[in-house]
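S.K.: Once you have looked at the hints, place chain B on chain A.
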Amino acid sequence: SQQGEEDPQALSIQEGENATMNCSYKTSINNLQWYRQNSGRGLVHLILIRSNEREKHSGRLRVTLDTSKKSSSLLITASRAADTASYFCATDEVGNEKLTFGTGTRLTIIP
Amino acid sequence: SQTIHQWPATLVQPVGSPLSLECTVEGTSNPNLYWYRQAAGRGLQLLFYSVGIGQISSEVPQNLSASRPQDRQFILSSKKLLLSDSGFYLCAWSEGRRETQYFGPGTRLLVL
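Chains A and B, in that order, are what the protein sequence lines are. Per this note's numbering: the first sequence = residues 3 to 113. Per this note's numbering: the second sequence = residues 15 to 126.
Quick caveat, the hints were computed from the structure, so don't treat them as lab data. Built from N, CA and C at the ideal position, the CB exists for glycine as well. Warning: the hint list may mix true and false statements.
[Said to hold, decoys possible] What the simulated footprint calls covered on chain A by chain B, stretch by stretch (three residues with Cβ under 8 Å from a Cβ of chain B suffice, anywhere in the stretch; the number is not a length):
#	segment
1	39-48
2	60-72
3	103-113
Just chain A, with the same shape it has in the complex:
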């Protein structure tokens, strides 16, 4: 089945820098969601962007969606050590009626 793919698989940056993660998918979607998972914990929903939206903000998070390229990006500005986690995109595909999760980007913030 179609699955979102995050890029890069792993990212390490210095505290205070911005972190950008990308997600690509293959079919038409109703919405795309980003989740965060701290090690050994459940996933936490960050933001949902619908197919007719191009950009969305929530605090230090900025998500973009380009349906023509079938891609989304998650930008975390002014990163903090507490942002260290894995980040997953999940796509709600047209006609599928379920969320399909990618394999995630492991983000490490170096103090």
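M.R.: Okay, now just chain B, sitting in the frame of chain A:
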């Protein structure tokens, strides 16, 4: 506010033994419920979902089964565990099939 509980948090079981993982949701009614499995360092694999009591859909043929005996209770079971059943099991709920999913803390299962 809504909360989701999973137990146990950690479980070590021998091959061939039975399994029962429980998930309960508080503060909402008629939620959609999901069981996922996550292998180490990997994404989530949807195992089962339920849109109502007694209604279970299986996504992947496997050694596991699910039941929903009550509106806010979702149980993952196995009669005989395999080594390949080891993993991190996550329960989640949502208000609709396409909406935000809220995850429990997970159960780490190790089959030896």
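S.K.: Hints first: check each against the structure and report whether it holds.
M.R.: To see whether the hints hold, each was checked on the structure:
Residues of the segment 39-48 of chain A with a Cβ under 8 Å from some Cβ of chain B number 6, which satisfies the need for three, so the listed coverage holds. Remark: the segment 60-72 of chain A is not confirmed as covered by chain B, as 0 of its residues place a Cβ nearer than 8 Å to a Cβ of that chain, below the required three. A stretch counts as covered by a chain when three or more of its residues have a beta carbon under 8 Å from one of that chain; for the segment 103-113 of chain A and chain B the count is 5, and the coverage holds.
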